[in-house]
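S.K.: Below, each chain spelled out in residue letters.
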Amino acid sequence: MARNGLEIIEGLLEKVEELSGQNVFACYQCGMCSAGCPLTDEMDLLPNQVIRGLQLRDWRTMESNAMWICASCFSCQVRCPKGVDLARLMEAMRQIYLRQQLDHVSIDDMTPEQISKLPQIALVASFRKKTG
Amino acid sequence: MDGLTYFPGCSLKEEAKEFEISAMAVMKALGLPLIEFERWNCCGTVFSLTEDDLMHQLATIRNLIRVQENGSEEIVTLCSMCYNTLKRSSLFVNRDKERLEKINAFMDREQAYEGKVEVRHLLEVLRDRIGWDKVEEAMTHSLEGLSVAPYYGCMLLRPREVGIDDPDNPTIMQDLIEALWATPVEFPFQTECCGSYQVVDRRELIVERTHRILSSARRSGADVVITSCPLCQYNLQKTQSELKETIPTFEEMPVIYFTQLMAVALEVDSGELPSPLLAGLAIEEGVGNGER
Ligand code: SF4
Ligand code: SF4
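If you're matching them up, the sequences are chains Y and C in order.
Just so we're aligned, residue 1 is where the first sequence starts under the numbering used here, counting upward by one.
Just so we're aligned, residue 1 is where the second sequence starts under the numbering used here, counting upward by one.
Honestly, I wouldn't trust all of these hints.
[To be verified] Over 12 Å on every C-beta distance to chain C, these chain Y residues come out as not near it, computed from the model:
| no. | residue |
| --- | --- |
| 1 | L6 |
| 2 | E10 |
| 3 | G11 |
| 4 | F25 |
| 5 | Q29 |
| 6 | C30 |
| 7 | G53 |
| 8 | Q55 |
| 9 | L56 |
| 10 | D58 |
| 11 | R60 |
| 12 | E63 |
| 13 | Q100 |
| 14 | Q101 |
| 15 | L102 |
| 16 | P112 |
[As the list claims (entries may be wrong)] Think about it this way: if two alpha-carbon atoms lie no more than 25 Å apart in a straight line, the pair counts; the simulated BS3-like pairs of lysine-lysine are:
| no. | chain 1 | residue 1 | chain 2 | residue 2 |
| --- | --- | --- | --- | --- |
| 17 | C | K97 | C | K116 |
| 18 | C | K116 | C | K102 |
| 19 | C | K238 | Y | K130 |
| 20 | C | K28 | C | K134 |
| 21 | C | K238 | C | K17 |
| 22 | Y | K15 | C | K97 |
| 23 | C | K13 | C | K238 |
| 24 | C | K17 | Y | K117 |
| 25 | Y | K117 | C | K238 |
| 26 | Y | K117 | Y | K130 |
| 27 | Y | K117 | C | K13 |
| 28 | Y | K82 | Y | K15 |
| 29 | Y | K130 | Y | K15 |
| 30 | Y | K117 | C | K244 |
| 31 | Y | K15 | C | K102 |
| 32 | C | K13 | C | K28 |
| 33 | C | K28 | C | K17 |
FYI, nobody ran anything at the bench for these hints, they're computed from the structure.
All of these numbers come straight from a predicted model, not from anything done at the bench.
Note that beta-carbon positions come from the ideal geometry of N, C-alpha and C, so glycine has one too.
Please put together the full structure from these sequences, using the hints given.
M.R.: See the structure below:
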């Protein structure tokens with residue numbers, strides 16, 4: 001089940017709730033979050049499916065790429081009729097990886113040309129979001 | 001002369017220099033100059049979204065302490081990402097005194113942060129303190145005939161508690177465009193994310209976003225797109241050449257900072273304008289003959 005060495009810890013759902021400060025069960029699956037998310041084309045689970053997976057304690061959710069595609073744009077957060085902050089849930093899920101030293105991007109995988117082409121605002125933000 | 005306590009952030013000293021140059025010139029012309037405070041540091045660009053993470057609030061709070069040391073109760077930013085991060089961080093510590101105490105105890109070389117610094121975006125200052133009528137009065141070169149699409153992106157508007165305008169139907173940049181006698185162009189993608197930092201490891205995703213966003217602006221009749229975010233500006237401007245390689249019919253669209261548009265209208269230093277198209281339109285030929 002665990003991929004890339006992710007340890008599925010006891011009480012993962014509780015951990016996600018604690019880190020995010022969100023009640024996963026507040027969601028009633030209306031799909032507003034997914035309807036407005038600009039990046040769903042690339043996601044293998046829609047944002048509302050991610051939260052459903054959490055509700056069901058289906059830990060395959062943790063293998064979804066959605067948390068890494070999410071750009072913390074907060075479209076879902078301003079539109080959710082139940083006040084669920086899905087961007088925070090995505091961050092909590094990323095943090096579970098990152099706090100186990102499982103980084104999602106690495107400067108070593110990038111060529112000097114790639115790095116020099118990118119503005120520092122993008123690099124700092126990306127490394128803040130995808131490394132521990 | 002009064003001035004604003006200004007937080008530049010890293011981008012404005014590097015790839016977004018023209019943002020700072022134009023903003024400085026515009027605000028000087030409007031009589032409320034931007035005054036950079038000493039010893040600011042990078043805000044961290046993104047607000048940490050986990051409840052227990054105080055470590056990533058240090059950089060932002062340290063900036064607010066520097067402002068407090070200066071005897072100011074306001075910090076003004078140009079970059080949308082700095083704005084969002086500083087503002088959310090200030091709300092985060094003000095909401096829970098225990099957090100603030102912990103952070104203050106940790107940063108023992110600095111003054112304790114008292115929680116009083118207001119974080120504002122320059123657009124708010126223009127709207128609420130200077131007023132669009134004053135902006136219009138200061139204009140010497142009308143932009144009549146130029147169609148401008150405002151691109152708000154995410155960080156100016158969301159989440160609601162830090163948004164400078166309505167998250168779904170913002171008007172603040174439209175109002176600015178009208179004050180300069182240009183034509184605001186509304187388009188459906190104006191508040192939709194450009195893909196942000198995903199440009200680092202998923203650049204193709206940004207190229208696709210650029211295509212959608214700018215084609216929509218083009219179809220709506222825009223000559224130019226304005227933004228207040230250096231990352232949006234980079235993503236939307238710099239991926240256009242890559243886009244043209246795959247989609248040769250794509251028509252390029254200049255993406256500039258709102259302060260550059262203002263600088264053209266106020267005839268002050270706009271910094272480098274990215275496209276000969278805009279430079280030609282606005283300056284050499286003179287949009288609307290520059291008469292008013
Ligand atoms: S918008 Fe809110 S309630 Fe609706 S599916 Fe998404 S998280 Fe659940
Ligand atoms: S915050 Fe993430 S999940 Fe929510 S709309 Fe934006 S990209 Fe999609």
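S.K.: Each of the hints needs a verdict: does it hold here or not?
M.R.: Hint-by-hint comparison with the structure:
no.	hint	in the structure
1	L6	17 Å, holds
2	E10	18 Å, holds
3	G11	15 Å, holds
4	F25	18 Å, holds
5	Q29	22 Å, holds
6	C30	17 Å, holds
7	G53	19 Å, holds
8	Q55	20 Å, holds
9	L56	23 Å, holds
10	D58	22 Å, holds
11	R60	22 Å, holds
12	E63	18 Å, holds
13	Q100	14 Å, holds
14	Q101	16 Å, holds
15	L102	15 Å, holds
16	P112	14 Å, holds
17	C:K97 to C:K116	13 Å, holds
18	C:K116 to C:K102	17 Å, holds
19	C:K238 to Y:K130	23 Å, holds
20	C:K28 to C:K134	13 Å, holds
21	C:K238 to C:K17	15 Å, holds
22	Y:K15 to C:K97	24 Å, holds
23	C:K13 to C:K238	18 Å, holds
24	C:K17 to Y:K117	16 Å, holds
25	Y:K117 to C:K238	10 Å, holds
26	Y:K117 to Y:K130	19 Å, holds
27	Y:K117 to C:K13	16 Å, holds
28	Y:K82 to Y:K15	21 Å, holds
29	Y:K130 to Y:K15	19 Å, holds
30	Y:K117 to C:K244	18 Å, holds
31	Y:K15 to C:K102	22 Å, holds
32	C:K13 to C:K28	19 Å, holds
33	C:K28 to C:K17	17 Å, holds
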